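Residue numbers for the sequence shown follow our numbering, so the first one is 9 and each next one is one higher.
For the record, the hints were derived by calculation from the structure and aren't laboratory data. Keep in mind the model is a prediction, meaning the values are calculated, not measured. Be a bit skeptical, because a hint or two may be false.
What the hints assert, rightly or not - Okay, derived cross-link-like pairs now, DSBU-like style, lysine-lysine, Cα gap no bigger than 35 Å in a straight line:
#1 Lys39 x Lys92
#2 Lys39 x Lys73
#3 Lys29 x Lys88
#4 Lys73 x Lys92
#5 Lys88 x Lys73
#6 Lys88 x Lys36
#7 Lys29 x Lys73
#8 Lys88 x Lys47
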Amino acid sequence: MFAEKTKVAAETVVVLGASPKPERYSFKAVKLLTDCGHKVLPVNPYHPEVAGIACVAGVDQLQDKVDTVSVYVRADLLGKDVAKIIALAPRRVIFNPGTESGEMVEVFSAAGIATEEACTLVLLTTGQF
Numbered sequence: 009m010f011a012e013k014t015k016v017a018a019e020t021v022v023v024l025g026a027s028p029k030p031e032r033y034s035f036k037a038v039k040l041l042t043d044c045g046h047k048v049l050p051v052n053p054y055h056p057e058v059a060g061i062a063c064v065a066g067v068d069q070l071q072d073k074v075d076t077v078s079v080y081v082r083a084d085l086l087g088k089d090v091a092k093i094i095a096l097a098p099r100r101v102i103f104n105p106g107t108e109s110g111e112m113v114e115v116f117s118a119a120g121i122a123t124e125e126a127c128t129l130v131l132l133t134t135g136q137f
C-alpha cells in the first residue's frame, strides 16, 4: 500500500486524534510511524488503544519528551490542547490535511515551535519526515 519506508532517526511522535479504525489516516499514521521505528503516543480519550498501542486520554497526561505532534483533529477541537502542546515543547507540529489552521500556526510559531501543513503518511513514505 505504501512505498518503501525510509529509515530516519527515531522520534517520539504524538498522534492527536488517533483512531482505532483501520481505514482512518490517523490509524495508518500510527502503524507507519511504528513500522518506521518511531515511538508513537496515540491520544484519544474514547479508545483504550490504537493499532495495539495504549492510548493516552489527553495531552496533559503525556510524560515523554515529544519531538513531533501529528494533528488529526479540527482546529476547534485542538484549541483546548494548545497550551498543553506548547508545554510539551515539541520540535514541530504537523497539520495533516483537513486540520490546517492559520491561527494555530501563528500560536505555535510564536512559541518557537515549527509547523508544517503536510500529510504524515506522505512525509514518511517520501523520506521527508
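Each hint, compared with the structure:
1. A hinted pair counts as satisfied when its Cα atoms are at most 35 Å apart, and Lys39 with Lys92 qualifies at roughly 25 Å.
2. Restraint check for Lys39 and Lys73: satisfied, since their Cα atoms lie roughly 20 Å apart, inside the 35 Å limit.
3. The suggested pairing of Lys29 with Lys88 holds, with an alpha-carbon distance near 24 Å, which does not exceed 35 Å.
4. A hinted pair counts as satisfied when its Cα atoms are at most 35 Å apart, and Lys73 with Lys92 qualifies at roughly 13 Å.
5. In summary, the hint linking Lys88 to Lys73 is supported, as the alpha carbons are separated by about 20 Å, within the 35 Å threshold.
6. Taking the CA atoms of Lys88 and Lys36, the gap is near 25 Å; set against the 35 Å cutoff, the hint holds.
7. The hinted pair formed by Lys29 and Lys73 meets the criterion: a straight-line CA distance of about 27 Å does not exceed 35 Å.
8. For the hint pairing Lys88 with Lys47, the CA-to-CA distance comes to about 24 Å; that is within 35 Å, so the pair holds.
Comparing the model with each earlier hint shows no violations; every hint is respected.
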